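Visitor: Each chain, written out:
Protein chains: 2
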Amino acid sequence: MAQIKIGLFGFGVVGQGIFQVIQRAKNAHAEIVRICVRSLDKPRKVAADPALFTTTADDILNDPQINLIVEVIDDAQASYNIVKKALLKGIPVVSGNKTMIANHLPELIEIQKNNNVALLYDASSCGSIPVIRNLEEYYDNDLLLEVKGILNGSSNYILSRVFDHKDSYAEALAQAQALGFAESDPSFDIEGYDSLFKLVIITVHALGTYVAPERIFTYGISTIHDSDIQYAREKGVKIKLVAQVVKVSDEHFTMFVMPEFVSPSKYIYSVDDEYNGVVIRGECYDRQFMFGKGAGSLPTASSILSDVMARLHDYRYEYKKLKYVQKPDYTTDIMLKIYARYSATDVLNILKFEKIHEQYIGEESNYVIGSIRLSELLEKRKNLSEPDVFLANIPIFFLNKDN
Amino acid sequence: MAQIKIGLFGFGVVGQGIFQVIQRAKNAHAEIVRICVRSLDKPRKVAADPALFTTTADDILNDPQINLIVEVIDDAQASYNIVKKALLKGIPVVSGNKTMIANHLPELIEIQKNNNVALLYDASSCGSIPVIRNLEEYYDNDLLLEVKGILNGSSNYILSRVFDHKDSYAEALAQAQALGFAESDPSFDIEGYDSLFKLVIITVHALGTYVAPERIFTYGISTIHDSDIQYAREKGVKIKLVAQVVKVSDEHFTMFVMPEFVSPSKYIYSVDDEYNGVVIRGECYDRQFMFGKGAGSLPTASSILSDVMARLHDYRYEYKKLKYVQKPDYTTDIMLKIYARYSATDVLNILKFEKIHEQYIGEESNYVIGSIRLSELLEKRKNLSEPDVFLANIPIFFLNKDN
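Chains A and B are the protein sequences, given in the same order.
Just so it is clear: in the first sequence, position 163 is 201 by the numbering used here, and no numbers are missing.
Just so it is clear: in the second sequence, position 129 is 167 by the numbering used here, and no numbers are missing.
A portion of the hints provided could be inaccurate.
If several chains are the same, the list does not tell them apart, and a pair holds so long as it fits within one copy or across any two.
Derived EDC-like pairs (lysine to aspartate or glutamate); straight-line CA-CA distance at most 20 Å [what the hints assert, rightly or not]:
(1) Lys151 with Glu356
(2) Lys122 with Asp96
(3) Lys390 with Glu424
(4) Lys64 with Asp367
(5) Lys127 with Glu145
Simulated from the structure, these hints should not be mistaken for lab results.
These figures come from a predicted structure and were not determined experimentally.
Produce the entire structure from the sequences given, and follow the hints as far as they go.
Guide: Here you go:
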């Protein structure tokens, strides 16, 4: 039986989780032989032999006994440097860094191919839910129509507190931070970037196409107000931050991240608190739903362990769908129906709606329900961040340009 | 790119579904080149070129261009003969026959090993939900504690009608048969055998141990009465037919199929109608939930397609966990808390309860809530099939013999 000797980069919450999980997995045949950290003196909850630690990346990269690098540092640029260097040296890597992967995936795929080396990253999307592996292996066909879900636990926790416990948004955010579900700078989670990067990675494995993050409309929950929550409650729906990639025709797919009104009949309606939930819809199997803990030390670590164990059998992503001859192209030329709430900002002057279905003018705020092209939203994105503006998708229909 | 030339055995509901799905999957590189059926004259909804059909199995088994056999006939003995013959000839097989696989898996694993040939059967357990592949590949470690779920769509449909629509059991069964969710002889589904065979297969891939079906306590829903339904409603729970395999200690696991009182806080509570739902619980990732259509022509066919596509990349199950050194052993020496309803049959005389927690004596029927060993239930199984007896698990606790 092969033995995996791991060089671990990062010993924060996730790194310590990996250390614990590998100790518990008696049949894993894996061992952490070196740990590279930024600072040796930082106090840590999980105790590891001090002799394992180094602050020099090359102590791992040049150690001939190490046959796998596990990288869970939270600096995307440093992560990129280490992963690229390791792959170029032919050392396989398991990474959980969604920002780094989402921004560099085309290059990293090339390097994997040219150097015949594996980069696995299932933990980067939805923690312990095996989305990437299933899209790559099990849904290895062109029947797939849609992947849609709640991919960020922090923002979902906040929205759950607001909807189910009637906390204010500020209370919910503070509570999320106190519990460690949100970073001290929570914008990465609540502005939708975390979901966006996961969606970029998912799309490569779902439809075989890489779309750069900046080409994708992304809108978070930071400007949600009581009036939006009240509106949703009156309609009997919840507001969830939803990421989705959808085939809109045989030739095109679209993708975006934005708050959405979710009715009780939808699977993701009951994905609450810090959980993630992903719906995979296909032509013949209808909808599959996967649900689990999307973040946290041990769930993420157990996902990393799955990738580590896969290396025992020389597993690598084949990126089979990248080679498909008939692949749909990315488009933002689709019609959405959205809810746009505003007060001082003149949203109707900023956004060109194709049709206004409803308009409400109140003393404190106004809203419209209107049909609008996704391309229009993407183009005007920078004008839609004012604190008095909030947008949400109303998933009634997708219309492509032909109807 | 390799090309898969399929010899298909069986052209019933699932076989026709496979034919349709492979036509739709443009990038599948797979083609059905021969179809073996029992009768050429049977009218079929899906039209296929008559030249494809044969009634002679050897027309497929001896055809050198065929590099994959897909077997979806509903006769377990005929299925066994064909699959064994094919594997011994070195032809890989995809099968959906849970009865055949659950009863012959040890031998089929040996044949795969000795002949270096693959047998894939993800469709045999939970239709379109990728349980086997995930247990084999993604949960390829010893952190797994439990796999528990609703594995049979027909019985679940019946129970849903009874609980959510207040149909009588007889009405619900008739409705299930009318919709094609239940066979004209529904005992396979409602007596729990379908769930049992799936559980046997799941356990091999979950914990690395094969347990023969006859060693596993299996109890269905055919004797459920209005009084049981009323009891469950009063307690605010649903009755579901649940199959489970659970590690009860580091050294032991147990498994059984029986109706269970399911409270609204459980994931499987909301698995209704003909759907299946599986909860996978592990030491570090807590609970993962997978949900989808467990049966039906196209969902099953799309699962078969996943196995077919996997053969493009020479995928086979490695049965890694069978090789684990530290594996838990099967035990029935665990304590359960059950509900036992009866009228004429003297259940208290048949079953030796360790403790009676509640006893109700009524004019029409009686029940007890008591603690009992699973081994006792298994031993007395044949005496518990009287129409006036119904048992259900109350999943409050598992006690092994030490506490």
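Visitor: Are any of the numbered hints broken by this structure? If so, which, sorted upward?
Guide: When the structure is compared with the hints, none of them turns out to be violated.
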